[in-house]
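Student: Sequence:
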Amino acid sequence: MENEKIENLLNLAMGVTQEEREKSMILDVGFLDEEKKWEVIVKHTGDLSGIREKFPQVGILELLNSYAIMIIPENQVEAVASEVQILYMEKPKNMFFAKEDVHILDTEFSSGERSAQKSVYRGYTGRGVIVAVIDSGIDYAHPDFRNADGTTRILELWDQTLGKVYTSREINEALKMPDEGARYEMIPSRDLSGHGTHVAGIAAGNGRASDGKYTGVAPESSLIVVKLGTQRENSFPRTTELMSAVNYVLYKAFEYRMPVAVNISFGNNYGGHDGAALLETYMDLISDYWKSVIVTGTGNEGASRIHTSGAVRQGRREEIPFSAGDYETGFSIQIWKSFVDEFDIILTHPSGNQLGNIIPELGIQRMTMGRTEILIYYGLPSPYHISQEIFIDLIPADAYIDPGIWTITLVPKRIVHGTYNMWLPGQTVLSEGSGFLYPTENTTLTIPSTSSKVISVGAYDARYRKLADFSGRGFTRNNQQVKPDVAAPGVEIVSTAPGGGYAVRSGTSMAAPYVSGLAALMMEEGIIEGKDPYLYGEKLKAFLHKMARPLEVRTDYPNPELGWGIIG
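As numbered in the working numbering, residues 269 to 836 make up the sequence shown, in order.
One or more hints might be untrue.
The list that follows gives simulated cross-link-like pairs (lysine to any residue, SDA-like), each with its CA atoms no further than 25 Å apart [what the hints assert, rightly or not]:
no.: 1; residue 1: 721; residue 2: 701
no.: 2; residue 1: 273; residue 2: 299
no.: 3; residue 1: 273; residue 2: 327
Source of the hints: derived by calculation from the structure; they are not laboratory data.
This one's a predicted model, so the numbers in the text were calculated from it and none came from an experiment.
Using the sequences and the hints given, assemble the complete structure.
Tutor: Here it is, written out as structure tokens:
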């Protein structure tokens, strides 16, 4: 029987064959093949020294608030999980940026068509406050992140892909180098995508490269930057890197004795979207540490086909068709439902052949249809999650799964609540033709914007005064939490680009740093100037809710698109 202190997905990943795990888009995440070890997220109680002594091969990185990241030999995972100090264990998940269009700004660009972020919170600049950007890195040489004397505004730069922290002193030494080659030989950290540089400019750019034309919201704030990622080749950043990054930033802000606004632009789609996963609960608990706020975008899945929901009624089958695009290498489907409801599943292949009734049998069920192998795992509720997950993984027998229209049929046996939600992975990793045929726009927000205490930010088009169609919608599953909290400008935003110039991008990744910068201004007024020493955390969020204004296209607030309203 599976260890119930281990999440369903990790139990499944440890129970499949190596070939199945390697073919899966999600099951292989966190397995270190060369070392034959699992990286896991752990919620624990008490001291971990006993585990260190008993399991000397286990690597442990302790985080704040009784969370830890462990690297455990695969044959010791269940033994470690069984220790009394371990409360629960999850595997990491990949984190993704959303797809977006990028346009480099040329010298003929008209600021009348698009403009950089300007704050509505006049008279403050973020002085004395840290803006922390956890993203793809930063062009640390960009003039907008340097003071008038040419020195850096960055207090620390942790490049996780290099495994190195660079201090402001080291960055200033690099900035003195005579050319770019010498500079990057000294500090080789680069923002290859430009995403993090753009985000940092919205929140905190000072506009020096544009003579003040394109200025961020908190232009005199200090910066801490984390380039999220792993030192392993060809791998995505994971939830473990994000957790360690947030832990690092908040601990450093405490060391500097400066309030901090933390900006996160990564997200993922695996989980119940209700705030119960360890990443989400960690974000909630760590939000209470020091004078801080954590801000995250709701993702760009609002117009994609990655979510559907409905209700099963007694005596009536529910059919949910979905498509697999050409050259699709596989994907998973999560079904989240009330544990009190019971239904069988029929899976229909594009050829019309059927598998079913697939009964709710605990553990791994393996099946094959055409050139597609199917793993089905019925999970149980956990001490930290009241819902039941049914996980279906489609993996290729050779290179690709069978394309075409598949159908999941839910066959009711005993229905009390009836509601179900299904998610696919984010559009970033799916082929163009994959998705639900009848998607549901609501609850398309990504994790960790589902965390209760973070400030979740959707995007709206400030020029045309409408919701951005890509913006991830709330509320959280079963309408448990009002998310997003607010929406901010996120369409065609001008901000800093690597190389010293500017670019135009759209996304909730552009909306979130507007709010992060605004939070820095509010903390400057409240904490630095002493007008409200407790203006951080949930109190700051409450004031943001109160500041939000309605957008004309909606009359009911709060709502799943804009939360409590728009900012900016």
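Student: Each hint: holds or not?
Tutor: Outcome of the hint check:
1. Pair hint residue 721 plus residue 701 does not hold up; C-alpha atoms about 36 Å apart against a cutoff of 25 Å.
2. Under the criterion of a C-alpha separation no larger than 25 Å, the hint pairing residue 273 with residue 299 is consistent with the structure, at around 19 Å.
3. This hinted pair checks out: residue 273 and residue 327 have alpha carbons roughly 19 Å apart, not beyond 25 Å.
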